[in-house]
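Chains as they are written, first to last, in our numbering: chain U, 1 to 435; chain L, 1 to 435.
Honestly, the hints are just simulated from the structure, not real lab data.
Keep in mind the model is a prediction, meaning the values are calculated, not measured.
Hints may be right or wrong, so weigh each one.
Each pair may be met inside one copy or between any two copies, as identical chains are not told apart.
Stated by the list, open to error - Capping the alpha-carbon separation at 20 Å, the derived lysine to aspartate or glutamate pairs in EDC-like fashion look like this: (1) Lys88 x Glu37; (2) Lys266 x Glu15; (3) Lys266 x Glu148; (4) Lys310 x Asp227; (5) Lys88 x Glu26.
Number of protein chains: 2
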Amino acid sequence: MVPHLTTSLTGPLHELERLVLARRPEIERWFRARFAEHEVPFYSSVDLRNSGFKLAPVDTNLFPGGFNNLNPDFLPLCIHAAMSAIQKLCPDAQKLVLVPENHTRNLFYLQNVATLKRILEGAGLAVRIGSLIPDLAGPTEVEAAGGERLLLEPLKRRGNRVVLDGFDPCAVLLNNDLSGGVPALLQGLEQRVVPPLIAGWSTRRKTQHFTAYEGVAEDFAELLGIDPWFLNPVFSQCGQVNFAEKAGEDCLAANVEEVLAQVREKYDEHGITAAPFAIVKADAGTYGMGIMTVKGVDDVRNLNRKARNKMSVIKEGQPVTEVIIQEGVYTFEDVDGAVAEPVIYMIDQFVVGGFYRVHDARGKDENLNSPGMEFRPLAFETDCHSPDCAGAPGDPPNRFYTYGVVARLATLAAAVEIEEMAMRIDETASVAARA
Amino acid sequence: MVPHLTTSLTGPLHELERLVLARRPEIERWFRARFAEHEVPFYSSVDLRNSGFKLAPVDTNLFPGGFNNLNPDFLPLCIHAAMSAIQKLCPDAQKLVLVPENHTRNLFYLQNVATLKRILEGAGLAVRIGSLIPDLAGPTEVEAAGGERLLLEPLKRRGNRVVLDGFDPCAVLLNNDLSGGVPALLQGLEQRVVPPLIAGWSTRRKTQHFTAYEGVAEDFAELLGIDPWFLNPVFSQCGQVNFAEKAGEDCLAANVEEVLAQVREKYDEHGITAAPFAIVKADAGTYGMGIMTVKGVDDVRNLNRKARNKMSVIKEGQPVTEVIIQEGVYTFEDVDGAVAEPVIYMIDQFVVGGFYRVHDARGKDENLNSPGMEFRPLAFETDCHSPDCAGAPGDPPNRFYTYGVVARLATLAAAVEIEEMAMRIDETASVAARA
Chain U
1 MVPHLTTSLT GPLHELERLV LARRPEIERW FRARFAEHEV PFYSSVDLRN SGFKLAPVDT
61 NLFPGGFNNL NPDFLPLCIH AAMSAIQKLC PDAQKLVLVP ENHTRNLFYL QNVATLKRIL
121 EGAGLAVRIG SLIPDLAGPT EVEAAGGERL LLEPLKRRGN RVVLDGFDPC AVLLNNDLSG
181 GVPALLQGLE QRVVPPLIAG WSTRRKTQHF TAYEGVAEDF AELLGIDPWF LNPVFSQCGQ
241 VNFAEKAGED CLAANVEEVL AQVREKYDEH GITAAPFAIV KADAGTYGMG IMTVKGVDDV
301 RNLNRKARNK MSVIKEGQPV TEVIIQEGVY TFEDVDGAVA EPVIYMIDQF VVGGFYRVHD
361 ARGKDENLNS PGMEFRPLAF ETDCHSPDCA GAPGDPPNRF YTYGVVARLA TLAAAVEIEE
421 MAMRIDETAS VAARA
Chain L
1 MVPHLTTSLT GPLHELERLV LARRPEIERW FRARFAEHEV PFYSSVDLRN SGFKLAPVDT
61 NLFPGGFNNL NPDFLPLCIH AAMSAIQKLC PDAQKLVLVP ENHTRNLFYL QNVATLKRIL
121 EGAGLAVRIG SLIPDLAGPT EVEAAGGERL LLEPLKRRGN RVVLDGFDPC AVLLNNDLSG
181 GVPALLQGLE QRVVPPLIAG WSTRRKTQHF TAYEGVAEDF AELLGIDPWF LNPVFSQCGQ
241 VNFAEKAGED CLAANVEEVL AQVREKYDEH GITAAPFAIV KADAGTYGMG IMTVKGVDDV
301 RNLNRKARNK MSVIKEGQPV TEVIIQEGVY TFEDVDGAVA EPVIYMIDQF VVGGFYRVHD
361 ARGKDENLNS PGMEFRPLAF ETDCHSPDCA GAPGDPPNRF YTYGVVARLA TLAAAVEIEE
421 MAMRIDETAS VAARA
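Looking at chain U on its own, in the form it has when it is part of the complex:
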């Protein structure tokens, strides 16, 4: 069943959907040209927020961990898209090692790994799972949420290659976001590693992503003739924050004030009466750790110890020193009265499905991806590529097509972001070499 969707505001988003549907051939041509110019990430997932008046990405994950949440009917779509990605990235690959996250106690995550393995096998690769778990003595069988059994094997280094016992892969697919840094085991490999190591959270920054996204959204908004703000959340950065030591509070407060002022101006311009809010997140963060909602400067001054502790470390115990202050986008979509956030999955340039992160206990101005929080995944019933052009804007297939468009903008931005990062790293290296 298609979930029952409600949006409280029926103005500008419907206008955006109407525009997107009407201009579809131009939009698709625009994407074809852009995707031909950039190396699209192997896979990605994009968290969207749909406020009725605005539809924007709030996070773009290059190591997506929820393939298990997709509608199983779309597995063939995933397989086709993976075939296309492999054809482009490593056509000669035949054996592939999949490197997952280390948290083997999350049975849902293991189910994601199992699903991913099935997709890659469907695309015709021999796939084994190479684990980075330091104390994994030998091949270890684990059971995923669906009851499927997975064999985790310790990933080993041999010269400039990583191998498993009796398995020398042509390529390495990371499903580990490298939050804890790039392990020596993976450095300087002669095998193709996708996504590239620099896409991990030890080098990636949300602010760099959203800087790239700003450019992409501006181009796309020009194509449609709309204010890019309808697709793009305002943001700012603070580089020297230390929540534990209460350092950088002024920087944070000034940026929060600036972001809220910009949002208020846009709300006024477009006649939106809601109260602006912002989200403060670790710039290198993931997994919904180190995140808070702020509605005014006071919310970042005088933080109590508990709040400071919550903000001061993220995944893998990494300390937070850089934060992004991002315009909060209300979630006005709900499923059975609970707040719902759409998450779109892509492989290569193809939207392969999506689901709602449905949160019974959360407000429409809160982050819905938090550690330890339960959410109900609700798979999209229809795919994101078949709008019914005769239907009204807001009908599920049409809404999903629009979601797919915005998700592709975010993935395109990730491609630009990674290219720019690679160039910066090359420049730094050549400056260092000259010095």
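Here the structure of chain U is known, so what remains is to put chain L in place on it, guided by the hints.
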């Protein structure tokens, strides 16, 4: 429901399926390399015959006319594959004119056109239908089998372009096999035409296709270490036949004898006790016209007037002068007791679905695609890319994967065939220019 499949012989085909499943990563890598070297046809359909001991293509159609018979659940697969094909062939295309066959009284064919239009629109193109019907006065609405309404518009020439009123397309997609020759309207266009005009039946020959297929099947058989005959039907050609005037009978008889002798030898070699037979078909033929089953030389000598008339003309009233004599492959698959022939559909390099041509009134050694013959299309329930490697050979998803492999071999052969034809035509032109 997956159709109930039975194969009377359980020997070599299961062996072939077992091999194909076991060597999947190598097979997919092999296809990736081949498809990167050749320009894959925009779309194709391949008629397969599965005799239990042999699985072979018997016809490869580059203007497939049965998209309406595919499982509608696979529409998103078709859309993805079309996006991929457009990205490669005409990335800048935004408006496309689809040129169908002229027979507007076949409501099932019109349903195919409607489905194809939906797929292309799904891939983000603006699509209109440009008809070659000579006496089409103006835009004419017709109703397809599913009740969908289609607007046929007369295709017009403007300089080196074809246009419709108020619609100047970037590309032309032919769903018309040009059996009656290439109309002047389509010659020398500056717009991209796919498939190329030389892929039409006014230049194409089945024997050229099966010559190319022979090479492809030999390479592939070498990869698997099997006799290529298990995938490849023996064939021969007669170039100067005139059934109406009883000319070329000796040539035909000699070739029939030769083909049957070769098949008998292979049957003996592999311990097959069935009686060999051959199919005589117009070399430039299509639509199942001008086809007969022969079990011995006597079957082509002393043809009565009715049989000669039946063989002497094909679609669009074209006379038959060249015939292919092809090894007949028994159909040992049946659905509810009726003979069934699998037809596989591809867009770009992707298998997007298939169906059975189920024929209640036909024998296992007869052609199942005949004009005026009713067949029940039975859509494959599962896709062709998700074998269940734990399942036994012969299980539907596994069989379908093997079908997809053989269909891809035929499509690859079509790519080679069209390339070689283009080279021959270029050479002829340059020889003519020098003379």
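Right, here's what the structure says about each hint:
1. Both within a single protomer and between protomers do Lys88 and Glu37 lie at most 20 Å apart by alpha-carbon distance, with minima of 13 Å and 13 Å respectively.
2. When the C-alpha separation of Lys266 and Glu15 is checked against a cutoff of 20 Å, the pair qualifies only within one copy, where the shortest distance is 17 Å, while the shortest distance between copies is 67 Å.
3. Taking the shortest alpha-carbon separations for Lys266 and Glu148, neither the intra-copy value of 49 Å nor the inter-copy value of 45 Å comes in at or below 20 Å.
4. In this assembly of identical chains, Lys310 and Asp227 lie within 20 Å of each other by CA distance neither inside one copy nor across copies; the values are 36 Å within and 67 Å between.
5. Taking the shortest alpha-carbon separations for Lys88 and Glu26, only the inter-copy value of 17 Å comes in at or below 20 Å, while the best intra-copy value is 24 Å.
Consistency with the previously given hints fails for numbers 3, 4, ordered from lowest to highest.
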